[in-house]
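In the order they appear, the protein sequences are chains H and V.
Residue 145 in the UniProt record's numbering sits at position 145 of the first sequence, and the numbers go up by one each step.
Residue 109 in the UniProt record's numbering sits at position 109 of the second sequence, and the numbers go up by one each step.
Calculated directly from the structure, the hints in this document are not laboratory data.
None of these values were measured; they are calculated from a predicted model.
It is possible that part of the hints are untrue.
[What the hints assert, rightly or not] Have a look at the derived ranges for each label pair, beta carbon to beta carbon:
1) Gly28(V) x Leu409(H): 56 to 64 Å
2) Glu91(H) x Lys144(V): 28 to 36 Å
3) Ala30(H) x Asp13(V): 36 to 44 Å
4) Gly28(V) x Lys386(H): 51 to 59 Å
5) Asp18(V) x Ala255(H): 26 to 34 Å
6) Pro180(H) x Gly28(V): 24 to 32 Å
7) Asp135(V) x Glu45(H): 46 to 54 Å
8) Lys144(V) x Leu276(H): 37 to 45 Å
9) Val289(H) x Asp3(V): 23 to 31 Å
10) Glu91(H) x Ala44(V): 33 to 41 Å
Ideal Cβ positions, reconstructed from N, Cα and C, are used throughout, including at glycine.
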Amino acid sequence: MKLVAVTSCPTGIAHTYMAAEALEQAAIAAGHEIQVETQGAAGAEALDPAVIAAADAVIFAADVDVRDKDRFAGKPIVSGGVKRGINHAAEMVEEAVEKAQAAPASAAPTAVPAAPAGPKLGPGAKLRLWLMTGVSYMLPFVAAGGILIAIAFVFGGAEIATKVNGGEFEGVTYEAIANPTDILAQAGFWGVLFYIGGLAFSMLVPILAGFIAFGMADRMGIAPGVVGGLIAVAVGAGFLGGLVAGLLAGAIVMALKLIKANQAFQGIMRIVVIPLVSVFAVGFIMLVVVGKPIAEAQSWLTDWLAGLSGVNAVLLGLILGAMMGFDLGGPVNKVAYLFGVGALASGDFTVMAAVMAAGMVPPLGLALATVVRGKLFTQAERQSGKAAWLLGASFITEGAIPFAAADPLRVIPSTMVGGAVAGALSMAFDASLRAPHGGIWVIGLIGNPGGFLIAILAGTAATCLCAIALKTAWRSTATAADEAAMPVI
Amino acid sequence: MSDLITADLIDLDLRGADRHEATAVLAGLLAAAGRVTDVDGFLADVRAREEQMPTGIEGGIGIPHARSAHVTAPSLAFGRAAQGIDFGAEDGPADLVFLIAAPEGGGSEHMTILASLARKLIHADFKTALREAPDAEAVAALIKQNLPS
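So here's chain H without its partners, still in its complex pose (with noise of 0.2 Å):
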């Protein structure tokens, strides 16, 4: 029977090495083969895809998080502490050679390599398992947030996110909360959900940018790709904003993880100049470098709209909508949305339609070409599908960020696609809305709700359909062999 197995612990030094000793020894005596992957300090040699996938069951001995667990899903699993490893390993790997026995052949075909990748990956590839860590990471936030927020808007109605932030709302003003204690209070249970996930969802950039860097650099990586990402936030550049912090703070701690320090030196690296040095490179690149073109690109985008007004109806509303799609959330989608919100001010409830029915695309289309075409997306990805339906339904456009953060080239232009369509279908129908959100829950404002659903099927299959001709053309061989070899969050 073939074996593999991951061993780890928190310092990394020890018991990672003594559990990979004793199942090997174990499983040795047992008159099984194993290959075990020590997640230790002297640096994990990742197993190579093809022995994984010709495994039998996998063990893991580990007291922290195994990394890139989905490389083993559909295998049967034992696991357990690293001491169990260690202490027990005979019985683990007779466990083991016991579930992979019970377990149905069926069970076992996961991710066969298309070509046996070898560990080394191509510069492609790499970015997309950087890319691919800091979404894993992401990926709880968005769940949580997105959900806690849809929630609010579903049972505590548009107003929640007026009540909680202050302002008026169909007439009534709400004062806005200045003291979180007293949430509950003024804003009722709802709007704690709301406030939560607003909180939540305000991790987003941050934690993809951190871990995209932890995904270069290592831990090191963390505290310039956070800081970038926060900055990214407060300078409104959304998650493409992140994207590049988080890649710029992973090649910053890598460049100065080169500089070769004597011993005594060593220890003052890691602890002061790395992270010294990484995080105000990172932060004074993102404000001055990053953020500044960035609003000059808004207010000139925000004039433009302005100049536009006057144009053919569909037209702004194909604009607007591919503006939503653009980045999910960012500077461009910011302007669209806000120009929505300045018309709804001034009394033209139309465009307000257009760019919401535009927002909740792209989640939608995306979740439903999780369901339609499965295997273009990892694992991880289909499961974030799911909640991305409720994410969509909600206008909680960062539901697709996962995807696009993972894959921006193929997944971008076609949120901007379905944006676009639902955007100029939504104005074509006349549709109309009255609040600045809340998504298929404010059904009740809305002028022509029949038009308004057609814009957003109609948006939802565009999305859809581009997301999966673009992924099926461009499917390279490294894209194939990194999908079956990378370890998918």
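We have chain H; now place chain V onto it with these hints.
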């Protein structure tokens, strides 16, 4: 690269009321050899690690360890405790105690050496040889022999 272990890092009559005392004795050896700059800081790091999960392993082994900024060179201190010291292993106290000190930014070649030492500890014959070695020099030689150079 300096040796991971030398005879003056070995205490064949290790005593201590509990694992923290025993660890402190071994840490003192490391400090005396100039391998640890701040004993208290280093012990705090070891203790933090120990609190995550006791480092005792069945078969009479305790391996307190830490990666710490107070360590100048990857080092191993070894103690034999005839009366046994509890390191939290399920089958009872440890009579072989390894204190592993790794610098915070240790290069991976050092880590590889520590990894192979950890692997050795699984083998009963290595443990037996450690228990039977007559003096500190013999223990140091035994450990060096079993590590990749």
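Check each numbered hint from earlier against the structure, then list the numbers of those it violates in ascending order. 5, 6, 7 and 9
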